[in-house]
Each structure stands twice: as C-alpha cells, then as structure tokens.
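**Student:** What follows is each chain in one-letter form.
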Amino acid sequence: MEIEETARGATTPALVRAVGLSKSYVQRAPFSQKRFVIDALVDVELEVAPASLTALVGESGSGKSTLARCLAMLEKPDGGETWFEGEEISRATDRDLALLRPKIQMVHQDSAGALNPWFTAAQIIAEPLDIQRRESGPMLRSRACELMEEVGLSANWAGRRPLEFSGGQRQRLAIARAIALKPAFLILDESLSGLDLSTQAQVLNLLLDLQKAHSLTYLLISHDLSLIGQVADSVAVMHRGRIVEHGTRQDIFTNPRHAHTRELLNSVRLVESSFRTAQAGGQQ
Amino acid sequence: MTHAQSAPASAMLSVHGLTVQYSGAGETSHPALLKVDFEIKRGEIVGILGESGSGKSTLALSILGLLPKSTGIAGTIRFKDKDLLLLNESGWRGIRGARIAMVFQEPGLALSPVMRVGDQIAEVLRAHRPGEGKQRRQQVVASLEDVGLVQVERIYKAYPHQLSGGELHRVAIAQALACRPDIVIADEPTRSVDGTRQAEILDLLRETNRKFGCALIFVTHDPALLAGFADRVILMYAGRIVEEGPVSQVFRRPLHPYTKGLLKLVPTALQSPGRPRGQRLPALPGSLSDSDHLSPGCIFASRCFARTDVCQSEPPGEVVPEQGRRVSCFNYGN
Amino acid sequence: MNYLERRVIHGMLLLVGVSVLCFAFGALAPGNFFDEMKLNPQISPATVAALRSQYGIDQPLPLRYGRWVRSVIRGEWGYSFAYNCPVRSLLMVRARNTLLLTTLATLLTWLIAIPLGVWTANRRGRWDDRMGMAGSALLLAVPELVVAMLLLYWVVRTHGLPVGGMVSVDFDVLGKQAKLIDLALHLVIPTTTLVLASLPLLVRHIRASVVEVLQAPFVQAARAHGIGGARLLFRYALPAAANPLSSLFGLSVGALLSSSLLVEVITAWPGLGPLLLEAAMARDIYVVVGAVMASAFFMIAGSILADILLVVADPRIRLGSL
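Chains as they are written, first to last, in this note's numbering: chain A, 1 to 284; chain B, 1 to 334; chain C, 1 to 322.
So here's chain A without its partners, still in its complex pose:
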C-alpha cells in the first residue's frame, strides 16, 4: 500500500497546490484605537494529490477553516499562490472563477445552517445545476432525485425541507448538492463533527464510494485524529496558522516529528488505549 501511495505522490502532479498562503484579520474595538490582529494563515504550503483523501487536522483556531475558504476561493488570501490543475488561480478574474467554481465544492460542518431551510431537498440539489445551466425544467428535478438516491436518500423525500431530516441525512443532502456539478475537488470542512459514531461511519462509507465512482479528490478537515486515521491517505497538521507537518498516514501515525503532532496523537492514544484495555480479554 505504501509503495503505491508514495509512487502516486512522486509521479502524478498535485491537483491542488498552495504556496506561501497567508491571511490576517484585523479587528478594532469601537471607542479605542486598539487593533487586534489575527494571523489566520502564515506561509502555508499544501499539496493535494489527485484521487486521494488528504486530511487537514488541527485544533480549533489553527486556521483550518480559513485555509479551506481560501482554497475554495470564498476568500482571497493576503499573500501566496494557489494552483489548481496546473494553473494559478489566486489572481483569477471573476469570469475565470465562474468557470472554476463547479470544479471545487465545499461541504460545511453545520448542515442546518448551510442549507436553505425554505427550500425543499430537490430544490437545494437542483440549485447549482440551475445556476450553472447544466439542466433545466423537468430534467432538473429528475437529476436531483437521481443524486438523492446516489447519496442514500430516498427520492420520495425530495419534497421535504432540511429540518425534517436527521443530522446525518442532512449531510448526505449537502454532499448531493456538492457533487451535482461533478467537481474534481471536494473540501469537507468538519463535515463529520458532531455526528454519532454510526452516522459518521455511514457518511464516510458513502464518501469513499463516491470517491471511487467519480474519481473525486477530498480534503477532509477535522480535529478528530481517530477519524482521520481510518481513511486518510496523507495528513497535514496545522498549528497556529502554519502547516507543521505533512506526510502519509503511516508516517504521521507511527513516526510523528513535530511536537504538536505528538501532542495530538497522545490524546488519541490515551483514549484508544483505555478502550482497548477495557475490551481486553476478547469479545464475541
């Protein structure tokens, strides 16, 4: 397995490449001259290999979401370059962006907030198709139903509104919307946080199936190392706006180099080992 992974990394060019990205936020309190400067991203370098699942892990406040937003072109970084499919996109014009957006899609953590509560499921999925004029009329609805079935939701529920779905089902809906335009790159920003273990497993399996079927490339952002350890090909660790370590899953988990990575792994280790101890003696 490792040989295949490193070989892939060596020969195929990266689908997405961030070079020296930086972004800061400035905030000012109303009656004073005091300014708070937050360095969200500091000289970030990241590569995502095609058809892989790259995980971006870090604590809250480490800058993962900011990086995601910059890669999804929802925000402009202050400095650095972003390359997609071999082309530099950080200076893209609005025209170019319009062509580029269908290829890069994002699934957010808060599905209830990311989906319009007034729309039906079919309308939510059909929206990008409609805006990009991929389909029209009755074809819109039938394509939306197809996508619903593909993510494991019954097409009978096409008329329901997001709040009538459970958390896991809503995430499936968000995923259906994200793959509607057949993107090449899907960013999952903490999309699995806050879900039950069994729902998480089901949604992850769905994502793996979709990846095989559509040759998708994933950037999975999470603070949960145990989760990432189950599915990632390569892992990038973020801490205070910087990428402190980046390697294959095997490397990171068995041979972490940076102190922060070791710290993150330790807490996972503790929880897992007490669980294993409790289970010791065999089951079934």
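Wrong hints could be hidden among the right ones.
Unchecked claim - Not everything, but these chain B residues come out facing chain C in the computed CB check (under 7 Å): (1) Arg93; (2) Phe104; (3) Leu109; (4) Ala110; (5) Val124; (6) Tyr159; (7) His161.
Unchecked claim - Just so you have them, the derived chain B footprint on chain C, three or more residues with Cβ under 8 Å: (8) 222–228; (9) 239–251; (10) 307–317.
Derived by calculation from the structure, the hints in this document are not laboratory data. Glycine residues also receive a C-beta, built at the ideal position from the N, C-alpha and C atoms.
Once you've looked at the hints, dock chains B and C against the given chain A.
**Tutor:** Frame of chain A; chains B and C shown alone:
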C-alpha cells in the same frame, strides 16, 4: 479509583417506569422514553451511552424537570426520598443547581454573553444561599480555583467571548459545582471538542468526582470516552434501556447486539494505521425508522444480526444474566 | 478616527443634506410669503416687488442657500418674515418645549413598555398575554389624532385638567412650586397622547425580542441552575435583549418626534409642530427650514445616543469579540 468504591452504596437517585411523551405540533407520536428504570448511587460515575434519538438528552432534562410543561411524564424519579415529579416549580428550583446540576454541551452558549462570568457563578450561589452576600465573591474565586483555573482575577471579570474554549469549559463545570451538588449531569460535554481538550475535561470531571464525591451522569454517544472513566454504563436505544453493567464487563463482553455493533465502530487508528486505503468502515446497517416504533416486537430487530422470529412478534423483557448486569434481548450473548 | 467621531461627522453631513433638500423642496413649492400681500389692494405691486428683493426671494436658489448658510454661521438661522425676527429666537423657545414634551414621553413610554414587554413575553400564550396583545392592537389601530381628541373631550367635560396650551394665563405671577404644578398639569394630555400612541408598537417589539432571548440556550442553562422568576427575566433575558432594543430606541425617538408635531398642534402645545405648520402655510420659508432642521437634529442625536447605548450595553461590541 472513583469515589464510589470507597463509600457505602446507597441509591441516591432512583428512576422507575419513566415514560416521556412530547406533545405539540411537529412532535412524533412515539414516546421519547419508555419505562426507563435505573439507579444512581452516591459518588458513582455512570455513563449513558446512546445515539441521537436514543432519549439520553430527554432523560437528562427530565431529571432536572426541564421538559416543556405540556410533556406527558409518567413514572417516578426518587431523589433522597422525594419524588421529584411531584414537585412544583419552586420545589424544582431548590433542586436545580443546588442538589442536581448540569453541565451543558457548549459552554459558550450556556453562559449569558452580556454578564461577567464571575457574576454568573455568583448568581447560582445567590439563588441557593441568599444570605451569604459578602462571602460570595470568595466562594466564586474558590470554585474557579477548584477547576484548575489560574488567572482567577482576569477570568472573574471576563465576559464569555473573551475566554478561550478550554477556560469556558472549566467555568461551566465550576458553575455546576458551585453549590456542591450531589449529582452532576454532563450532557455530551466533549462533543465537537478537540482531542487534547477532551482529555482535560474528562480529567477534570474525574478529579471533581474524587474530591467532592458528587455522582456523575455522563451522557455521550462515544463508548471510548467511558473506558477508564465511568463505573457503570447504561445503553439506550430509541428511548429504552437495552443493556446495563459495569463498564469493563460490558466492553469486554457485550451482550446486546446493538452494544456489540456500537463498540465495533470505535476507531482504532493507532492500532492499524496501515489499513488498506478505500476500505469501507464497519457500520450499523440502516437506521431507526417509524416502522420500528410501530412493530410489536423488539425495536432493534430490523437492524439486528442476531434476529430470530420471536424478536419480531414480542418485545424482549429484561434479563439479569449475572449480578450487576441486565439486558433486554432474546438472543443476548450470541 | 473612532466610531463615535465617525457617527457625529456622519450626522453633520446628514444635516447638511437635510437642509439642502428642505431648501429645494421649499423653493419648488408654489408661492412665497408675499403672495398674500398681492391680494391686498392697498399694497402696490411695486412695494411687493421691493419687499421681495429686499428679502432676497427673487435671487436664484443657490445664492439664497449660500446666504442662509452664512446666516446660520452667524447664529441667526435665517429670518422670519411673519415674526420679523431671526429664526433662531423662535426656534430656541419652541425647540425647548418640544424637547421637554418628547423627552418626557420617551422616558415614560420606555419605563412602561419594558416591564410590560418582558411580562407578556414571559406569559406568552396565556390569557393575560392574549388580552394584552388584543389591547395593544386596538390602541395601535386608533390614530393619535383621535386619542388626543378623545382626551381633550373628556377633559372639557370634567374640567379636571387644562385644555391645551403649555402654561396658564397667570403663569408669571405664580410661585415657583405652583409654576411647576401648572406646567405638569398642562403636560398631562399631550404626554398621555404620545405615550398611548407609541406604547403598543414598542411593547410588541420588546416582547418579540425577549421571547427570542428566552429561547436561547443560556436562559435554559440558567433555569437548570435554579434561577427563576423575575431574576431570570430581568437579569438574564432583558440585558441580552439590549442589543436589538437599543436600535429600537433610535427608531422610537424618530417616530415619537413625528407624532409629537401632530399632537402639539392639536393640544396647542407651543412646540415646533405649530410653528412648522403656521410657517408652512404662510410660506415663511426660513422658519420652515429651521424647524425641520431642529427636528432632524433631535432625530440624529437620538440615533447616535442609541448607538452609544448599544456599545455600553453589549460587552461584545464594547470590548471587541474575537
């Protein structure tokens, strides 16, 4: 070891036949809790393990009388010889925060954004000990120190948005402990929390159980958190208790098929980092649906790998296979 | 430049804009002060023309505006044809009277609306809430004109209070305490009218804000800690609702000012309202501009005050949230 093992056992909280049915538009017709029985002894740490929809949050809210007024509640909740369900609102106020306290999931949301954090803890003290005005500030400072906070002056005067996530969690726990309650209910306190802070919160809760002897009811969906932490675990599914027992025994030898399935879901990334890529994860098939609620048999039957004919025609009764354990299944252990 | 400075400068620019518009509309409206005179056969057209040129009405608009601005800088605020004096002296007295009335009405309205709004929010859905909502709807539906007239009618019938005006005829000879009592009695009708007119909408808004806050998780958490009753409402719910309520305050000041102009006319309260009405009808253009500017000033001041209140009340804005 937890406080429970050094003190004499006596049931402090005992719940019998608790059935809760929400009413009102948009609510389902099946009960959120069905005939729930269990006991909590002084100083114990009990984990309530279940997924969304299992009724665990409803259980937590019903112990504190925080369900909407229109909810149908049957059964008894005895706390130190008092039936809590017979209390009126002012009776409840004497219990909440003073004898039974709750730590909410997101402390940032559980605190008022426009009041200083120290004042909010003082409010809890004031509600239960109206006379001791002058010492209140010292008590608040003491409770903040109890949870391991160091820059107490700064934190006392701060508003929630000025504190970090870790500090907020500790403040929420300090607030719950302020009146030294007998039972603390922690409702998924580590959901969506980073790994390092998760460990800190668990350590803190364990510490307070040891130091103050308060019983802890820890509600969660993640079995891994209860290992090495809780004394007993109660598994809930669709508003029913399906299994109960000491944590080490249940995890070593789960009896109910749901428990077995749930335990298999716990990630073991560190043990098998070389897992072949793209391999699917183990998952429980299907999900709880309305037809399950309508079926005359076991509610878990449609998802159960050990299902037999009797499971679909009759609901399983409770079985006590050994001391301290119980399970609701016809085919337990298979 | 900080927030407050920016707001003040913004307000001043706004006032300039108001003056320009007011001037423009005034000039566009047909007729001028001296048209009345034209109807009088004893005054020759030549006299009228001479008066017009003396007061500069025949000048082009921008020039007149320039002269007016200079007059403002000098402190005169233009010239009133009807009263034959600088506008300023008229404005000061009238503006003071309006300020007295509207400040009192604002204070009373809010003092009543807050507890009422919080109370009905807490009792949402119960019988006293429903009655309160029905009552407020009724009051909302009745125009303040009618309210004022009804009150005046009742006063005329019962001779309990003075019927309109600000002070009695013999005000100047009264002792200090008697003067205050006299003023207070005259204030009752106009203030009551204004309060009754603004109360229903305000109560509903406060109720809505508090209802929303009561659903917030931290209120549930406070309940879970045993805090209840009035403490929960006034120490937890209301302060958190201060944010939307502060914006409401700015709006309510503006609304109150507009209704006060009408109420002043009906109850003969000598404020900006009657002045404005008279001047508009007589085409006393500079008085009109002056009165409108005074109203606009009060409104902008009220809105800046609301912004300051917002910063004071909400620590997230005051201390910056990160």
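**Student:** List in ascending order the numbers of the hints, as given earlier, that are violated by the structure.
**Tutor:** none
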